[in-house]
Amino acid sequence: MKKEPIKKLKEEFLPGGSMRQYILDKAVHYLQQPGLQANKHMFCLDILKMTETEYLEALNKATNGGLEQWN
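Converting from the sequence shown to the numbering used here requires adding 22 to each position, the first position being numbered 1.
Don't read these hints as lab results, they were simulated from the structure.
Any given hint might turn out to be false.
[Stated by the list, open to error] Mimicking BS3-like on lysine-lysine, the simulated pairs with C-alpha atoms at most 30 angstroms apart in a straight line are:
id	residue 1	residue 2
1	K32	K48
2	K48	K24
3	K29	K83
4	K83	K30
5	K48	K71
6	K71	K24
7	K62	K32
8	K71	K83
9	K62	K24
Since we're looking at a predicted model, the values are computed, not measured.
Full structure from sequences and hints, please.
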């Protein structure tokens, strides 16, 4: 079985890029979908190049503020 190579983000989607907010907004929707949170965390940090703060903000939006309430 041949693995497909991981595609890289275009410059405009990387931190500081003109379309970065688009990726951050899509991450919120992605985090709301079923699946293992550890895999989503890895994807957001390693592939989307999100900072831990960006990830936590997206997770908080995805849980409708539930992350703040939990703390």
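Hints versus structure:
no. : hint      : in the structure
1   : K32 x K48 : holds, 15 angstroms
2   : K48 x K24 : holds, 28 angstroms
3   : K29 x K83 : holds, 26 angstroms
4   : K83 x K30 : holds, 25 angstroms
5   : K48 x K71 : holds, 14 angstroms
6   : K71 x K24 : holds, 25 angstroms
7   : K62 x K32 : holds, 20 angstroms
8   : K71 x K83 : holds, 18 angstroms
9   : K62 x K24 : holds, 23 angstroms
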